[in-house]
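Those protein sequences? They're chains F and G, same order as listed. As numbered in our numbering, the first sequence has no gaps in its residue numbers, which increase by one up to the final residue, 245. As numbered in our numbering, the second sequence has no gaps in its residue numbers, which increase by one up to the final residue, 875.
Be aware that one or more of the hints could be misleading.
[Unchecked claim] In silico DSS-like cross-links for lysine-lysine, where the CA-CA straight-line distance does not exceed 30 angstroms: (1) G:K672 x G:K618; (2) F:K3 x G:K631; (3) G:K631 x F:K161; (4) G:K672 x F:K240; (5) G:K672 x G:K631; (6) F:K240 x F:K3; (7) G:K631 x G:K649; (8) F:K3 x F:K161; (9) G:K672 x G:K563; (10) G:K858 x F:K18; (11) F:K3 x F:K18; (12) F:K161 x G:K858; (13) G:K563 x G:K618; (14) G:K618 x F:K240; (15) F:K161 x F:K240; (16) G:K649 x G:K672; (17) F:K161 x F:K18; (18) G:K563 x F:K3; (19) G:K618 x G:K631; (20) G:K631 x F:K240; (21) G:K649 x F:K18; (22) G:K858 x F:K3; (23) G:K672 x F:K3.
Just so you know, these hints were derived from the structure itself, not from any lab. Quick caveat, the model's predicted, so the values are computed rather than measured.
For reference, the chains in residue letters:
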Amino acid sequence: MKNVVLIAGRELSSYLKTPSGYVIAGVMLFFQGLVFNGYAVGDQPTLSTEVLLRFLEVSGGLTIVTGVLFSMRLLAEEKASGTMTLLFTSPVHEGEIVLGKYLASLAFIALVVLASLYLPALIFVNGKVSYGHIASGYLGLFLLGASTLAVGTFASSLVKHPFLAVLLTGGFVAILEATFWVARISDPSTPASSTILGTFAPYYTHFRNFRNGIVQLSDLAFFAGIIYVSLLASTRVLKSQRWR
Amino acid sequence: MIVLDKVTKYYGSHPAVHDLSFEIEEGECIGFLGLNGAGKTTTLRMLSCLLLPTSGRVTVKGFDAEEQAHEIRKLIGFLPDRPPVYPEMTVKAFLVFAGKLRNMDRAAIDRRLPKVLDDCGLGHVIDEPIQNLSHGYQQRVGIAQAIIHDPALLILDEPIQGLDPVQIVEMRNMIRGLRGQHTILLSTHILSEIAQTSDRILMLHEGRITAQGSEEELAARFGADGRVRIDLELRVAGGAGAAETVQAALGAIGGVDEVDFGSADDAGVVQVTLRGRGDVREAVARCVVEGGSGLLRLEQKESGLEDIFVQLSKEAEA
């Protein structure tokens, strides 16, 4: 655990010292502000809950995009810059490298998600929504970001170039979300989210419950599962690199 | 300390290292010499536990590289061909991080840091971000991270790659300064460098050891008596075909194996290099003078690594 904290601490400090993290965070917050004013609030009288729902809906997509972009900073960057060699030749387990890198990016994306909290707070100026609904929505955003980063960690363990990691993460996320639409098209009579295929879609199936203010154990288990499997697979990939 | 036993490493169907066996004693400074693609980096990466052999066994201080890589990693410091540094960190912050990665506590790092900075000549840039340093200094930081935990085994892969002549001299002195403190393995394809820094040289060609020993031992075994260089003025002999006549006469001298005949310069002076066995200087001088050419210079050159390396590479190719 000491090594996990060490690697995560160095990585987080790098996020705070280099511009790439701020640029991605800044772009996300800019678009969230734009969406809140232009789409969620709009120019017509709208129910406060509707404003929150619209805001969370688009924020979910933006959080996924942010997670995908952050995947360039994960393992692929260490490989591209050659610093992975330092970690690999130190008495550090592969799982500690994966977890350290992941936790640092998770902490940063959590900060980015929380930084937009002032937007739903603005609803209270002219309306009223449940604090629980906001908490549920933000938990969903956090888990969506966490799962995207975990998938990004796995993708970046497979390639050497940060840009390829972004493309691969985007591809994996798109495939997961596409399962919802495949399920919907193949069986229109059944809600896609209740089919086996549809349960693989983090945003369409699971995040929507959080967005609607519903926190279910099955959704929490899904996100925990996808994070665990992705990080385990990343560790296995790193271990296998000694055999190449 | 290090034993490689019949180690083979394949990349796909291509054997990068083939049936490699050698032993290295504690405290030795070993130079791996070979052309690009000879298997130097692959060998060092297997010793650093970055790669596993396809077959064979690698052990460091009795620890098996496959089963006990974690134990070996505690013993080694590794500088790859590109220094593994985080550019945004300061030299000090990076070395503290590298020390902690090697299980050192902060007090131990603070005790060790002055010596490392002194050995690597980094004292005056300790608070500089690494990205502001020249390539030579980044390479020094790379070595500093490799020795921060005072490892028993220091592995340097192409440590002078990309350095300018002044930096090469500085790096050479730094490596010399580290001899005796660690067992050192270093690789390079620059012949002069390895001769000046290593106790023993392992020559690799296409994944196999073609020779090993000190420079003197290799010269004695492979180089025989080396080369004779002569400068001739062919105009004295006059006439067309003088060069061919002299070349044939030199080649006919007993003990001369090879005659490398250069082209004449504006003054008609030709540089000729003879490779052979035994002392052929007197015979060469007589041959040149009796042939009517002017002997402007005659110099015996001791066989260097270059000759041995070329010879061994040719033999391996054959």
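Here is how each hint holds up against the structure:
no.	hint	result
1	G:K672 x G:K618	holds (25 angstroms)
2	F:K3 x G:K631	holds (16 angstroms)
3	G:K631 x F:K161	holds (26 angstroms)
4	G:K672 x F:K240	violated (34 angstroms)
5	G:K672 x G:K631	holds (20 angstroms)
6	F:K240 x F:K3	holds (20 angstroms)
7	G:K631 x G:K649	holds (21 angstroms)
8	F:K3 x F:K161	holds (27 angstroms)
9	G:K672 x G:K563	violated (38 angstroms)
10	G:K858 x F:K18	violated (57 angstroms)
11	F:K3 x F:K18	holds (22 angstroms)
12	F:K161 x G:K858	violated (48 angstroms)
13	G:K563 x G:K618	holds (17 angstroms)
14	G:K618 x F:K240	holds (23 angstroms)
15	F:K161 x F:K240	holds (15 angstroms)
16	G:K649 x G:K672	holds (13 angstroms)
17	F:K161 x F:K18	holds (23 angstroms)
18	G:K563 x F:K3	violated (38 angstroms)
19	G:K618 x G:K631	holds (11 angstroms)
20	G:K631 x F:K240	holds (18 angstroms)
21	G:K649 x F:K18	holds (16 angstroms)
22	G:K858 x F:K3	violated (59 angstroms)
23	G:K672 x F:K3	holds (26 angstroms)
Violated hints for the displayed structure, listed by number in ascending order: 4, 9, 10, 12, 18 and 22.
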